[in-house]
Structure formats: C-alpha cells, structure tokens
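These protein sequences, in sequence, are chains A and B.
Using the working numbering, you'd call the opening residue of the first sequence number 1 and step up by one each time.
Using the working numbering, you'd call the opening residue of the second sequence number 1 and step up by one each time.
Keep in mind that the hints were calculated from the coordinates and are not lab data.
Mixed in with the good hints, there may be bad ones.
As the list claims (entries may be wrong) - Restricting the straight-line Cα-Cα distance to at most 25 Å, the calculated cross-link-like pairs of lysine-lysine (DSS-like) are:
| hint | chain 1 | residue 1 | chain 2 | residue 2 |
| --- | --- | --- | --- | --- |
| 1 | A | K36 | B | K77 |
| 2 | A | K48 | A | K36 |
| 3 | B | K10 | B | K67 |
| 4 | A | K57 | A | K44 |
| 5 | B | K67 | B | K21 |
| 6 | B | K106 | B | K2 |
| 7 | A | K45 | B | K106 |
| 8 | B | K106 | B | K129 |
| 9 | B | K67 | A | K44 |
| 10 | B | K21 | B | K10 |
| 11 | B | K23 | B | K67 |
| 12 | B | K21 | B | K2 |
| 13 | B | K106 | A | K57 |
| 14 | A | K45 | A | K57 |
| 15 | B | K77 | A | K57 |
| 16 | A | K48 | B | K129 |
| 17 | B | K77 | B | K10 |
| 18 | B | K67 | B | K77 |
| 19 | B | K129 | A | K57 |
| 20 | B | K77 | A | K45 |
| 21 | B | K106 | B | K77 |
| 22 | B | K2 | B | K23 |
| 23 | B | K10 | A | K36 |
| 24 | B | K129 | A | K45 |
| 25 | B | K21 | B | K77 |
| 26 | B | K2 | B | K67 |
| 27 | B | K106 | B | K67 |
| 28 | B | K77 | B | K2 |
Stated by the list, open to error - Okay, the calculated bits of chain B under chain A, using three or more residues with CB under 8 Å as the criterion:
| hint | stretch |
| --- | --- |
| 29 | 33–43 |
| 30 | 46–59 |
| 31 | 86–93 |
| 32 | 124–130 |
The beta carbon of each residue, even a glycine, is placed where N, CA and C say it ideally should be.
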Amino acid sequence: MQAEKKHSVRKNSKVQKTVLKEEVIYITKTEVPAGKPLFADKLKKVNKMLENAILLK
Amino acid sequence: MKHSVYPYRKNVDTRYVFISKGKRDIEKIVEFTPTSVEGLYNLGFGDLLPDGSVDDSVNSNNGDIIKVLATVVHILKEFTQLHPNVKIVFTGSTPERLILYRRILKTYYIEFSTEFNITGFILENSHYKEAIFEPQSETEYLAFFIRRII
Chain A
1 MQAEKKHSVR KNSKVQKTVL KEEVIYITKT EVPAGKPLFA DKLKKVNKML ENAILLK
Chain B
1 MKHSVYPYRK NVDTRYVFIS KGKRDIEKIV EFTPTSVEGL YNLGFGDLLP DGSVDDSVNS
61 NNGDIIKVLA TVVHILKEFT QLHPNVKIVF TGSTPERLIL YRRILKTYYI EFSTEFNITG
121 FILENSHYKE AIFEPQSETE YLAFFIRRII
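Can you make the complete structure from the sequences, with help from the hints?
Here is the structure:
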C-alpha cells in the first residue's frame, strides 16, 4: 500500500518531478572524419612554436 | 597516478575515445597528430561534439576531472608503449589548462620521470627552446614534451 502511494503523482502538484533526459553522445553515432587532424588549431599553434625552435636531441 | 580510468577504445591508430560519466555523459577524444618535426606528435584532447568536431577549450565541469585525466595519462602510456620512439608534445588550449597540466606533471613528477623524460618549451630571448622540466622551478613553460625512456 505504501509503495503504491510513493508512485502516485497528483496532477498540478508541486512535488511532481520532471526527469530531464541527458543527451548522450554515443561513439557509434558520431562521424569523425579520418585522416584530418581534429585539433587543427592546436597543431598549428604547436607547429608555429616549433619553427626555428631549439630542441634537445 | 593510481586512479581508476574509464574504458576506452582505439578509433584509428592515433585516436582514442572514451565516455566521461560524471553529471552527464560526455564523449572524449584523444588524438596524436604528427607535427612538423619528425617523430614528434601533438597530443590533442577534448570533447567530441555531435557534428564530429571537437572542443578542446570547454570546461565540462562534469565532476570527474581526476578520472578523465587519469584516462588520458593511461592512453598516453599505451600510445608510447606501442610507439616507443615517438616524442609527445602537449600544451593547454587555455592558460588554465596549461596550469592544470603543469600541476599534474609537478604532482606526479617522481612517478612519471621513472617512465618518461619530461621537458618543457620555454621562450628565451625571443626564441623557443626545449629545456629540462624542473617541477619546483618558477619557469613559465608554454608546452611540455615527454618521451618514453623504458
């Protein structure tokens, strides 16, 4: 009986809960172009720093 | 860095993906891209967006930063085990991220330095120069390099 009460929801009640469905980005649904750098801006920044840089062997 | 890590999978040889399960689920991607210097790969890390693009400057605030970074370190270790001769460079997309990376390197320096040679990129007399990373130093590092030694 108590369990039934727990699950009953009164219309227009302030205690009604709204469950927001979080968006889940699944790997299989996302197309990532192969062969093209994803972090192109970062790569450009790094390559710029590497120009004429003195690197350790 | 003995924290738990998220399961991840290799998408292509240089790309790894995993899902951050904090307040919400966010797909993360780690990519190693060859730079203009032979054998030097840039590490890119960010959120994968629904259109297939990435965002490496967003602060997801998903409540699982330690686990996410531990996963990235794990991936970095795996990649360098598979490609022991490569050198990795990484920098922050924002000043805050750069500070965060430096803090991680400083905190785990003793552990990391047994496995990796760690250096940093500094600007000296208007020239970029690679220098030994000194965790206690006040030197401003613009990027970091790591190379597997064992």
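| task | Would you check the hint for K57 (chain A) and K44 (chain A), treating anything up to 25 Å between C-alpha atoms as holding? | result | The hint holds at about 23 Å.
| task | Assess, step by step, whether the Cα of K10 (chain B) is no farther than 25 Å from the Cα of K67 (chain B), and give holds or violated. | result | Answer holds: K10 (chain B) to K67 (chain B) is near 18 Å, not above 25 Å.
| query | Are the Cα positions of K67 (chain B) and K21 (chain B) separated by 25 Å at most? | reply | holds (9 Å)
| said: For a C-alpha distance cap of 25 Å, please report whether K106 (chain B) and K2 (chain B) respect it. | reply: holds (16 Å)
| field | Given coverage of the stretch 46–59 of chain B by chain A, checked by CB-CB distance under 8 Å (3 or more) | value | holds (count 8)
| message | Against the 25 Å threshold, does the CA-CA distance of K129 (chain B) and K57 (chain A) hold or violate the hint? | response | Holds, because 12 Å separates the two Cα atoms, which is no more than 25 Å.
| query | Does the structure keep K67 (chain B) and K44 (chain A) at a Cα separation of 25 Å or less? | reply | Violated. K67 (chain B) to K44 (chain A) sits at ~29 Å, over the 25 Å cutoff.
| Holds or violated: K48 (chain A) with K36 (chain A), Cα cutoff 25 Å? | Holds, at about 19 Å.
| query | Are the Cα atoms of K106 (chain B) and K77 (chain B) separated by 25 Å or less? | reply | holds (17 Å)
| said: Next pair to validate is K77 (chain B) with K10 (chain B); report whether the Cα-Cα distance is within 25 Å. | reply: holds (13 Å)
| field | Restraint check for K106 (chain B) with K67 (chain B), where alpha carbons must lie at most 25 Å apart | value | The given pair, whose Cα atoms are some 18 Å apart, holds under the 25 Å limit.
| said: Hinted pair, alpha-carbon criterion (25 Å max): K77 (chain B), K45 (chain A). Please report holds or violated. | reply: Holds, at about 24 Å.
This entry does not satisfy hint 9, going by the numbered hints stated previously; all others are met.
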